[in-house]
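Student: Produce the complete structure using the sequences and hints provided.
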Amino acid sequence: MKLHRILAVVRRHLYDMRRNLDRVNDSFFWPILDVLIWGLFTVYLSDRLEQGFTFVNFLLGAIILWGVFYSFQRDLAMGFLEELWSRNLINLFSTPLTIWEYISGLLLVNLLKTAFGFFVAATIAGLLYHFNVFSLSVYFLPFVLILFVFSLSIGFLITGFIFRYTTRVQTVAWSFAGVLQPLSCVMYPLSTLPMWLQRVAWFFPTTHVFEAMRQLLAGGGFSMEHFWWGLLLSVGYLTLSIVFFKIIFEITRARGLLAKLA
Amino acid sequence: MVLEVEHLVKTFGAFRAVDDISFSVAEGEILGFLGPNGAGKTTTLHLILDLVTPTSGAIIILGRPLKTERSAALQDVGFSSPYVSLPYRLTVLENLKVFAHLFGVERPTERIDYLLKLFQIEDLKKQAVAQLSSGQVTRVGLCKAFLNSPKLLLLDEATASLDPQIAHEVREVLLTAQREEGVSILYTSHNMAEVEKMCPRVIFLNHGRIVAEGSPVDITRAILKEEREEPALEEVFFHMMRQPNV
Numbered sequence: 001m002k003l004h005r006i007l008a009v010v011r012r013h014l015y016d017m018r019r020n021l022d023r024v025n026d027s028f029f030w031p032i033l034d035v036l037i038w039g040l041f042t043v044y045l046s047d048r049l050e051q052g053f054t055f056v057n058f059l060l061g062a063i064i065l066w067g068v069f070y071s072f073q074r075d076l077a078m079g080f081l082e083e084l085w086s087r088n089l090i091n092l093f094s095t096p097l098t099i100w101e102y103i104s105g106l107l108l109v110n111l112l113k114t115a116f117g118f119f120v121a122a123t124i125a126g127l128l129y130h131f132n133v134f135s136l137s138v139y140f141l142p143f144v145l146i147l148f149v150f151s152l153s154i155g156f157l158i159t160g161f162i163f164r165y166t167t168r169v170q171t172v173a174w175s176f177a178g179v180l181q182p183l184s185c186v187m188y189p190l191s192t193l194p195m196w197l198q199r200v201a202w203f204f205p206t207t208h209v210f211e212a213m214r215q216l217l218a219g220g221g222f223s224m225e226h227f228w229w230g231l232l233l234s235v236g237y238l239t240l241s242i243v244f245f246k247i248i249f250e251i252t253r254a255r256g257l258l259a260k261l262a
Numbered sequence: 001m002v003l004e005v006e007h008l009v010k011t012f013g014a015f016r017a018v019d020d021i022s023f024s025v026a027e028g029e030i031l032g033f034l035g036p037n038g039a040g041k042t043t044t045l046h047l048i049l050d051l052v053t054p055t056s057g058a059i060i061i062l063g064r065p066l067k068t069e070r071s072a073a074l075q076d077v078g079f080s081s082p083y084v085s086l087p088y089r090l091t092v093l094e095n096l097k098v099f100a101h102l103f104g105v106e107r108p109t110e111r112i113d114y115l116l117k118l119f120q121i122e123d124l125k126k127q128a129v130a131q132l133s134s135g136q137v138t139r140v141g142l143c144k145a146f147l148n149s150p151k152l153l154l155l156d157e158a159t160a161s162l163d164p165q166i167a168h169e170v171r172e173v174l175l176t177a178q179r180e181e182g183v184s185i186l187y188t189s190h191n192m193a194e195v196e197k198m199c200p201r202v203i204f205l206n207h208g209r210i211v212a213e214g215s216p217v218d219i220t221r222a223i224l225k226e227e228r229e230e231p232a233l234e235e236v237f238f239h240m241m242r243q244p245n246v
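Chains as they are written, first to last, in the working numbering: chain W, 1 to 262; chain F, 1 to 246.
There may be inaccurate statements among the hints.
Within a straight-line C-alpha distance of at most 30 Å, the following computed DSBU-like cross-link-like pairs (lysine-lysine) qualify [claimed, not checked]:
{"id": "1", "chain 1": "F", "residue 1": "K67", "chain 2": "W", "residue 2": "K2"}
{"id": "2", "chain 1": "W", "residue 1": "K260", "chain 2": "F", "residue 2": "K151"}
{"id": "3", "chain 1": "W", "residue 1": "K246", "chain 2": "F", "residue 2": "K67"}
{"id": "4", "chain 1": "W", "residue 1": "K246", "chain 2": "W", "residue 2": "K260"}
{"id": "5", "chain 1": "F", "residue 1": "K126", "chain 2": "F", "residue 2": "K151"}
According to the in silico footprint, chain W covers these stretches of chain F (three or more CB under 8 Å from chain W) [unchecked claim]:
{"id": "6", "region": "64 to 76"}
{"id": "7", "region": "98 to 106"}
None of these hints come from the bench; they were simulated from the model. Only a predicted model underlies this, so the values are computations on that prediction, with no experimental measurement involved. Idealized CB from N, CA, C, for every residue including glycine.
Tutor: So, in structure tokens, the structure goes:
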């Protein structure tokens, strides 16, 4: 792994971001809009239901954390799709750049983008609704880490599928998280789901993150149980997704699909 | 040898795209790589760039086996093809900077300025690739191919989208680079007159196999079975097309 090659990939995407309104929208516009709309809606509901401030916190926390998860996994796949759309893959991989250096570069640039989007959304939530996510950051950070690890494994999975099936499956990059959202109990507790679905949802690290977040915001303290479940599951999925991606990448090269992708 | 290809085979299912070919490229040599569509030229180039894994055989670049020393081997290789492009929102300068950093080029700005001038596109430096004509993109691609001062240059139809004047100038630049810097070039083209001018040695591929190898005039004599003083690769090409078993 050479740092200058990883930074070259970062440079390529930062240059692109300066002129690409789509990416700016994805990173900032939608997270801000989500916080505004859901924040106002929950303030309204809280007034009506007289459930107090915790209810607003539950939803705002969920929106901000889900935003981190969604944008990170989507942008990893989007970064790869950008190379496909601009027919640049052959140029990139005919240099000494390795696939793992390329992925590392994408990861780094998306970490920067997601962190910036998170900061903007959290600041707006603090200013408008007095929801200070930063005051809870010590307890939140382990769960943010789990979200990153799990979104990375989803990113590997989706990028692997795009390597194999090209742009025919590109919508998966945007829509996959939508399938996960109801099962991850982002906006409601796990107990809301039917029992059989609860057993399925238990195996998503995101479920543990949002259960733990609600427990934390309700004053129930840091949940070690959800933390360990979330961490073990996300690391397990990451390992599997890397193996999957490596196999798919080798199949793609063996079948000459990498060259045809361009 | 700059490039050694030994018993290279690539199969896709039952189809043998590259069928046990061996050849080498010496330092400073320009080797023409010819053949009809589907002959295996581009697949061979992709195998040399490690974009496709071979079924069997070996590729050695400057003494480094591609299979085990990929990054080190490709550090000295340049590649250009009009059939690939560059990120279209980025300017010419930004694109070239990205590739200069990928190769770890020292003093990238100086190198980029030199190449832009060499290929007469210094005025396009700040333009987005999306705004360029296909010929201009081809020349940017050639700048990219020269960024790392390669010892081996793989050129896939390098002049295909250029007008005759620019194509002539690009050929002159390539010949100058070959003379002055000792760059070895593996050159595929469908322009037979161009190959006759550029390449002292030529390999003809058909159905994935090498069917002729030698100087353009030797190949002309061998395939047409006539005594000729001048090369006639276009005739050779048509002759091969009429004889599917060649």
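Student: Next, verify each hint and record whether it holds.
Tutor: Hint by hint, here is what the structure shows:
1. Restraint check for F/K67 and W/K2: the C-alpha separation of about 19 Å stays at or below 30 Å, so the hint holds.
2. Using a Cα cut-off of 30 Å, the hinted pair W/K260 and F/K151 holds, with the two alpha carbons roughly 26 Å apart.
3. For the hint pairing W/K246 with F/K67, the CA-to-CA distance comes to about 16 Å; that is within 30 Å, so the pair holds.
4. Restraint check for W/K246 and W/K260: the C-alpha separation of about 18 Å stays at or below 30 Å, so the hint holds.
5. Of the pairs offered as hints, the one joining F/K126 and F/K151 holds, with about 29 Å between alpha carbons and a cut-off of 30 Å not exceeded.
6. Taking a C-beta to C-beta cut-off of 8 Å, the region 64 to 76 of chain F contributes 5 residues in contact with chain W, enough for the three needed, and the coverage statement holds.
7. Residue count for the region 98 to 106 of chain F with a Cβ under 8 Å from a Cβ of chain W: 6. That meets the three needed, and the coverage hint holds.
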